[in-house]
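So you can see what is in the structure, the chains are spelled out below.
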Amino acid sequence: ALFFHSGEREEKCIIEDVPSDTLVTGNYKVQRWDTHKQDFLESAPGLGMFVTVTTPSDEVLLSKLYGPQGTFSFTSYISGGHIICLQSNSTRFVAFAGSKLRIHLDIRVGEHFLDESIIQAKDKVNEVNFRLEHLIEQIYHISKEQNYEREREEKFRKTSEETNSNILWWAIVQTLILISIGIWQIKSLRDFFISKKLV
Amino acid sequence: MLLRDSGTARPWGWLMLLVVACATRASEITFELPDNAKQCFYEEIVQGTKCTLEFQVITGGRYDVDCRLEGPDGAILYKETKKQYDSFTFTASRNGTYKFCFSNEFSTFTHKTVYFDFQVGEDPPLFPSENRATALTQMESACVSIHEALKSVMDYQTHFRLREAQGRSRAEDLNTRVAYWSIGEAIILLVVSIGQIFLLKSFFSDKRTTTTRVGS
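These protein sequence lines are chains A and B, in that order. Under full-length UniProt numbering, the residues of the first sequence are numbered 1 to 199, in order. Under full-length UniProt numbering, the residues of the second sequence are numbered 1 to 216, in order.
Simulated from the structure, these hints should not be mistaken for laboratory data. Be aware that a few hints might be false.
[Claimed, not checked] Covered, in the sense of this in silico footprint (three residues per stretch, anywhere, with C-beta under 8 Å from a C-beta of chain A), are these stretches of chain B:
1) 79–93
2) 115–127
3) 163–175
[To be verified] If we take Cβ atoms under 7 Å as the criterion, some of the chain A residues that face chain B in the derived model are:
4) I15
5) I142
6) T159
7) E162
8) T163
9) T175
10) I177
[Claimed, not checked] Label-pair restraints from in silico Cβ distances:
11) A/H36 to B/P125: 44 to 52 Å
12) B/R170 to A/H36: 48 to 56 Å
13) A/Y77 to B/R170: 40 to 48 Å
14) B/Y180 to A/L65: 42 to 50 Å
15) B/D73 to A/T75: 40 to 48 Å
16) B/F106 to A/F130: 47 to 55 Å
17) B/D73 to A/E59: 43 to 51 Å
18) A/L65 to B/V191: 51 to 59 Å
19) A/F130 to B/D35: 42 to 50 Å
Idealized CB from N, CA, C, for every residue including glycine.
Work the whole structure out from these sequences, hints included.
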């Protein structure tokens, strides 16, 4: 799977923008750099990862410590950008030269993924049945996303309309301010010059 | 799942199965790239696999990012600066770890949210043809075409979602800017115009009445 590097105590976060009631599954594997072998160790016992999932309303949905390899999953109950953060529980000081972690990560959204290990159905009808179920899941996921998209487009439209009315309101207020300030300035100056007996 | 020494002779069928099993991955990640930062991702790819890297900047600044894709020997396969969206397809010429990096080093204070989708190999066929005796039935081929259509719908949906997120981010930026600008300009107008009057009045103050005269 895809992997990336991270510092020993660094927190790496990714964002998943999902509709509500969607299952998100992630599996990861973390390896630690060994300065003696100048390579990443195949397994790192004792190394754990804190997995934290935050909802768009800044609520913590999941916060657990897993081992060097693990699977986590959560179901979103609000639609929006959920933030999944991974941080190791390493207590070593960062001053370790060249110390870093390699994190393999695979995140799946929705339940419509074809699990290749379940493929070998003996019965032809069952196989087609299984495939149809998978297609139905896919369609369901698509329609949930469409619904979510509708909500977001509405928010977008509201923002644009608000900007539009703000600009209009500002144009009117600015004209009023200018006119009244202009009148006040001339009046004030005229009164001033009259009082100074210059006019 | 690594296929390191594929140079040695192996039974063709087993190799095919391994290639199919390893070569079907798609990773899509949305992450935040802070200012002056660079984030790299790595992927182990088998020789001959067709891969596609697609990325898009969703929020932040001018919505652009630098992207670089390197092969296992450091050869630069793709390098672009300040791109908002791009899609790059290549066939892996060697086995090894390919690396692609996104850089926001040119930006001083805006962080960007970047989405990328790295597809390795083709998706597995819906009805694997290894142990087949007959051709696909009508039911099965209908399933296959629905599956392809749905995959394409999901792909378009993702693109649309990203574009809409980008548009909405711009609209929200615009809204905040208009709000700040109108408040700021109101304050400046009032301060400047009231200040002008008082300054003018101070020119005509009664310190030296003998030199008072009407300005030209």
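Requested in this report: Of all the hints given earlier, name the ones this structure violates by number, lowest first.
Outcome: 1, 9 and 13
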